[in-house]
Structures are given as C-alpha cells and as structure tokens.
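Protein chains: 2
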Amino acid sequence: MTEKPSIRELGEFGLIRHLTGDLKMVQPETRLGVGDDAAVCEYGNSKVLITTDLLTEGVHFDLIYTPLKHLGYKAVAVNLSDICAMNGTPKQITIAIAISAKFTTEMMDELYAGIKLACEKYQVDLIGGDTSSSMTGMTLAVTAIGTAQEDTITYRNGALENDIICVSGDLGAAYMGLLLLEREKRVLRDNQITQPDFEGNEYLLERFLKPEPRKDIVDILKEKNVIPTSMIDISDGLSSEILHLCQQSNKGAKIYEEKIPIDLVTQQLAEKMNIIPTTAALNGGEDYELLFTIRPSDYEKIKGESKITAIGHITPASAGCYLITTGDSAIELKAQGWNPLA
Amino acid sequence: MTEKPSIRELGEFGLIRHLTGDLKMVQPETRLGVGDDAAVCEYGNSKVLITTDLLTEGVHFDLIYTPLKHLGYKAVAVNLSDICAMNGTPKQITIAIAISAKFTTEMMDELYAGIKLACEKYQVDLIGGDTSSSMTGMTLAVTAIGTAQEDTITYRNGALENDIICVSGDLGAAYMGLLLLEREKRVLRDNQITQPDFEGNEYLLERFLKPEPRKDIVDILKEKNVIPTSMIDISDGLSSEILHLCQQSNKGAKIYEEKIPIDLVTQQLAEKMNIIPTTAALNGGEDYELLFTIRPSDYEKIKGESKITAIGHITPASAGCYLITTGDSAIELKAQGWNPLA
Numbered sequence: 247m248t249e250k251p252s253i254r255e256l257g258e259f260g261l262i263r264h265l266t267g268d269l270k271m272v273q274p275e276t277r278l279g280v281g282d283d284a285a286v287c288e289y290g291n292s293k294v295l296i297t298t299d300l301l302t303e304g305v306h307f308d309l310i311y312t313p314l315k316h317l318g319y320k321a322v323a324v325n326l327s328d329i330c331a332m333n334g335t336p337k338q339i340t341i342a343i344a345i346s347a348k349f350t351t352e353m354m355d356e357l358y359a360g361i362k363l364a365c366e367k368y369q370v371d372l373i374g375g376d377t378s379s380s381m382t383g384m385t386l387a388v389t390a391i392g393t394a395q396e397d398t399i400t401y402r403n404g405a406l407e408n409d410i411i412c413v414s415g416d417l418g419a420a421y422m423g424l425l426l427l428e429r430e431k432r433v434l435r436d437n438q439i440t441q442p443d444f445e446g447n448e449y450l451l452e453r454f455l456k457p458e459p460r461k462d463i464v465d466i467l468k469e470k471n472v473i474p475t476s477m478i479d480i481s482d483g484l485s486s487e488i489l490h491l492c493q494q495s496n497k498g499a500k501i502y503e504e505k506i507p508i509d510l511v512t513q514q515l516a517e518k519m520n521i522i523p524t525t526a527a528l529n530g531g532e533d534y535e536l537l538f539t540i541r542p543s544d545y546e547k548i549k550g551e552s553k554i555t556a557i558g559h560i561t562p563a564s565a566g567c568y569l570i571t572t573g574d575s576a577i578e579l580k581a582q583g584w585n586p587l588a
Numbered sequence: 247m248t249e250k251p252s253i254r255e256l257g258e259f260g261l262i263r264h265l266t267g268d269l270k271m272v273q274p275e276t277r278l279g280v281g282d283d284a285a286v287c288e289y290g291n292s293k294v295l296i297t298t299d300l301l302t303e304g305v306h307f308d309l310i311y312t313p314l315k316h317l318g319y320k321a322v323a324v325n326l327s328d329i330c331a332m333n334g335t336p337k338q339i340t341i342a343i344a345i346s347a348k349f350t351t352e353m354m355d356e357l358y359a360g361i362k363l364a365c366e367k368y369q370v371d372l373i374g375g376d377t378s379s380s381m382t383g384m385t386l387a388v389t390a391i392g393t394a395q396e397d398t399i400t401y402r403n404g405a406l407e408n409d410i411i412c413v414s415g416d417l418g419a420a421y422m423g424l425l426l427l428e429r430e431k432r433v434l435r436d437n438q439i440t441q442p443d444f445e446g447n448e449y450l451l452e453r454f455l456k457p458e459p460r461k462d463i464v465d466i467l468k469e470k471n472v473i474p475t476s477m478i479d480i481s482d483g484l485s486s487e488i489l490h491l492c493q494q495s496n497k498g499a500k501i502y503e504e505k506i507p508i509d510l511v512t513q514q515l516a517e518k519m520n521i522i523p524t525t526a527a528l529n530g531g532e533d534y535e536l537l538f539t540i541r542p543s544d545y546e547k548i549k550g551e552s553k554i555t556a557i558g559h560i561t562p563a564s565a566g567c568y569l570i571t572t573g574d575s576a577i578e579l580k581a582q583g584w585n586p587l588a
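Going line by line, the protein sequences match chains D and U. Under this note's numbering, think of the first position of the first sequence as 247, with each following residue one higher. Under this note's numbering, think of the first position of the second sequence as 247, with each following residue one higher.
Some clues are possibly wrong.
It does not matter which identical chain is used: a pair holds within one copy or between any two.
With a straight-line Cα cutoff of 25 Å, these simulated BS3-like cross-link-like pairs (lysine-lysine) come out [unchecked claim]:
id	residue 1	residue 2
1	K348	K250
2	K547	K468
3	K270	K362
4	K250	K362
5	K270	K456
6	K315	K270
7	K505	K547
8	K250	K315
9	K553	K367
10	K362	K348
11	K518	K505
12	K367	K270
13	K500	K547
14	K468	K367
Hints are computed from structural coordinates only; laboratory data are not their basis.
Model the full structure from these sequences, guided by the hints.
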C-alpha cells in the first residue's frame, strides 16, 4: 500500500485536485465546477458566477497591523476580484464570521464599516451570512455572486498561440507593503517608543491593506469591445498565475522583465530592502490585478490605455513558460507564490 | 454617550440585526437579503436561493466524538436544510475549509467522503471552494445554492391567522444524542477501560451526527399541491423557530404539548436523564426538521401523511405564543435555543 502524500506535499492546488478530481456534475444548471476563478451556473439564460474565500486570523491577516475596517473591505474586495476575473459583474455577497470572546460590538462595527464601504463602492448587495463564535481568533468566509454574458465570460483555458499577455495596474506593491508592515511590527516589538515609519510608502500599505477589484478593467474591455481569450486575477504572484493560465490553456508563455509594470515606490523600497523588484512582482502576490490574454488583432484597441500593460505573448506548450530578463537571458517561470498550506 | 451593548447581550440575531439593519439593496436581481433561511435573487426569471453557514471546531462540533465523514455530511445537510426551508430545491454548494497542521490527507479524504455522500444523496453539485490553513482547529464554511418557483417559494413571514402549524419527523432526538455523546465523553475521560454504551440509542446518535435535510417533505407538499404560508427549519429548537415565524408574520401561536412528535427512544433516554422530553423538543435544536404553516383548507390534503404532524395553530399577535401543556396550562414560549455567541 502506498502512503498518501501529505497535505504539505500536495499544496493547496494539489489537495483541491486530490479531493475534487473525481467530482461529477449532475445538475443541468451547473456549467463549470471547481477549477477557475469562479464556478458558473446557468439560471434562466443568465450565467451566474459563484466564488468563495476563507480568511483566517494569523494565516491570512494579522490584526496587529490590519485595521478591522480594512480587513472587512479586503475580504469583500478579493472575492469581487474573482468575479471580475471571469469578466463578470459582481452583484451580491454573503459573509460568515466566527469571532472569539475578545471581539466587541465596536470591533464588529468597524469590520462591517469596511464590508459596507466595499459593497457601496462596487454596488454589491450583502444578502446573507452567519455570525458565530470561534475558540480562537477570527475567521471570515465570503461568497460572491455575479453575472456574466454568455459571449463575454472569460475562463482560464482560452489562451491561444500568439495572444498578447496583459496585466492591469502595477505589480509587487502589495508584497512590499506587507514586508514594510512586518518590519515595523518587529521594530515596535523591540522598541516601544519608536513610531512606525511609513512616510512615502503609503501607496504600498494601501495596496496591501485595501486592494481594489479591477471592475474598471472589465468595464474598459467592454467599452473597447475586447473579449479576453483567458483571464485570472493575481492573488499568488504573476509567475503562479501565468502558469495557471498556460496549464489550463495547454500553452506556453514568454514575458519580458522590462515590460512588467512596477511602481517607482515599489522599486525604491525593494532596492532598499535588497529585494529584486521583479521578484516582488513575480512571486509577491496579493496585488489582485487582472492577468489576461487578448488576440493580437485586438491589441490596437487597448494600446493607449494607461491601466493596461502588454508584458509578453503566448507560445506553444512545448516552448514552456519563460521570463526574458533585461539582460536577455531566459528564466523558466516557477510557482513560488504563497502556499497557504505550507 | 451610551455604551453599545456587548455581543453577548445582543446574541446572534441581535448582532446580525445591529450590523445589517441599515443595509439597502441596490441590485435589481436581489429580491430578499438578510432575514430568512436563505437570500433570494432573481436571475433570468429563476428564483435563486443562497445561504451560508460556518461551523467551527469546539463550538459547532467536537472531533472527539464526531467522525469526519459525519461532519462533512452534516455540514452539507444543514445548508441544504435552509434551501428546503424556503420550499426550494438544492442545486449546488461551495465549501471553504481551514485546517490546522494536525490534519492529514487521510482525514481530509474522510471529510470529503461525507461531503460527497451528501451531495450524491441530494443530487447537489460541489462547484467550488477554498482550502487553507488555520492556526487552530478546523473551520468549515458552506454556501448552498438552490432554486424555487415564484409561486411556491415560502418565506417566514406569510403565516395567517388560523393556519395549522405543522412539523416534519420528530423532535428532541438530536439533542438527546448530543447529551449521550457528552456523557460518554466524560465517562471515557475518567475511565479509559469502559467502552461507550450507546446500545438502543443509535437513532439518537444518528439524528445528531447525521441529520437529513427534509427534501422529501418539500416533494410531498408539491405532490399534494400544498403551498405552506410560512416555513423555517428547526436548527435552534421548536420554541425559538415558532417565535421567528410569529415575529416575522406578526402573529401569535398556540401549540399543544400532546401533539409534539417525540420518538419513544428520545422519551425514554430523556426520562432516564431527568429531562422533560418536551423540553428537549422545544429547546434542544439541531433536529433540522421543517416547521411550517398551512391554510386550514389544506389540512385534509396532508392529514394522512405520517411524516407530518399538526401541532397547533396561528393566533393574532396580541394572543402571544403559548404551549398548552398536557395538564392544560398555558406556558409562554421563550427562545431558549442555543446561542452560538454566548
């Protein structure tokens, strides 16, 4: 009898494949189950998108430096991001929360202020949930529901050879924000007098603490009449997400270091902390930008758009997934994104 | 400045009201938000039901006496029960799980065996989820999605004066099962040699460890052409659920002790443990039976049905909610169900 691989060995995606690989869908309304940013159901000619995320204290967030209002906002935002990654429109959310005895009504009010702010900003209805206690710490489970049109819904598996690989916004900033918060937490622990020094780095903190789902990108694509061939949101780092798109589309990719959009503040702090900025972008994660591919013929339509950057193109699967560095060497992309089960 | 009430003072429902009372729905697809067994959305002429529950280790389940397969089954069952309580048909679920380092692949396989068994039995598709780690113990968040027809969907607020109050199955058994497991856990702690003694009480254990959503009742009502005027599932105990129906319908109720369906095994163990069987039924909870009201004119249609018992009738709100005992005294119903935030 061969022993089963451990959960650590399997990793998050391996475990999900192991547990759900044999599932068979039986309901006629189910169009797509496990494996993309959101599941897809069809109700009365509407494509309904459904996605769930669980955030646990000490693993996904540290309440020492995460204001509860930001946590509430972020818990909603990262789920809406999954709906956007299907080229969909977020419509509703449910929230289930477990809290330990240390939480007060005031703290819950703060958390809900963030939840409500995100709902208001993205015109999403909070339609249900569950509130309960936990033995330790806080757990938040958010389910987001959205809609997409039959002809514009975008999966991870549609990338075609020669497609242009695009990302929204800039990358690596959230990771540098996290490193900054972790550094200041250590400083504060050793020295109770010093005040945290975040001056000039507010952008990085905001990127980590208050990410925004890129609904604006979904709107821009619609306006410019561009239907991406594949799309995913960047939660685990650019490398990991490109590998997801390529695996599911059975393709390869070539991206160019010089093209990866990195903000000047990200770059400066990375260099100060002896981190290669490209590494922050490739492996950092939590940027919640959109990574997508478009047909070469659509490139002209988005060329002038400052919020979107073309960073490479899709190749045959046999060519593998590579980063071409500024020094013109080819480095194979590896999934070094965060493993929540490690 | 008045101080805010504590979470303990507010209780689960008070806290939810406090946090969500000011919500305004903006999406045209949202038909009903927080406040019933499930939220209701309308997608392309289909009524889509959505409900979420969070189960945390040490609060909702004790892994010392809960086999993981049963836990997986129950986590799905209790959510499907919420869909049934809207007179709907469960269609899909998503599951988000956080596990601590003590969990192995084999344990996750056991959990998923239960999840898959429930899905198979109720023909529900597991369409998505999230797997992550927690600092301590296990947390399970399940979202169930279902459909209902415009003209048969049943809310909590539709009970009318003189309606007959009905329950499915029998009550109090799950609570006696829990007490039995707790008793054996104490015995085992004090005495490692004794084997747990469950003989003759298997029904009670099964009722607690492996509850079934009453989809069969939804089917029977449909078949007999009965549309309940209001419905809720019994998760917190009969008292608490009758009060929910009456509050939301702005009505009163009179139920009769002698009519409350209690299994003989439940009755015998309750008496052995010095518990009044009616108390187990009223306050025990976790039976996941359906409590519903029907028009008096529909009574003939369900009269012979062994799975359904009429236990009383709806009165004007001013008459309050009362239990008429076998001794013919009237006792006001109080919500003494389990408060997960206490």
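Here's how the hints hold up against the structure:
1. K348 / K250: between (39 Å within a copy, 15 Å between copies)
2. K547 / K468: The answer is within: 11 Å in one copy meets 25 Å, while 54 Å across copies does not.
3. K270 / K362: between (37 Å within a copy, 10 Å between copies)
4. K250 / K362: For K250 and K362, only the inter-copy Cα distance (19 Å) is at most 25 Å; the intra-copy one is 44 Å.
5. K270 / K456: Answer is between; shortest inter-copy Cα gap is 23 Å, intra-copy 37 Å.
6. K315 / K270: Between copies only: 19 Å across chains, 40 Å inside a chain, cut-off 25 Å.
7. K505 / K547: within (19 Å within a copy, 72 Å between copies)
8. K250 / K315: between (42 Å within a copy, 18 Å between copies)
9. K553 / K367: Close inside one copy (19 Å), not across copies (48 Å); limit 25 Å.
10. K362 / K348: For K362 and K348, only the intra-copy Cα distance (22 Å) is at most 25 Å; the inter-copy one is 36 Å.
11. K518 / K505: For K518 and K505, only the intra-copy Cα distance (22 Å) is at most 25 Å; the inter-copy one is 76 Å.
12. K367 / K270: between (37 Å within a copy, 13 Å between copies)
13. K500 / K547: within (22 Å within a copy, 69 Å between copies)
14. K468 / K367: Classified as within: same-chain Cα gap 20 Å, cross-chain 42 Å, threshold 25 Å.
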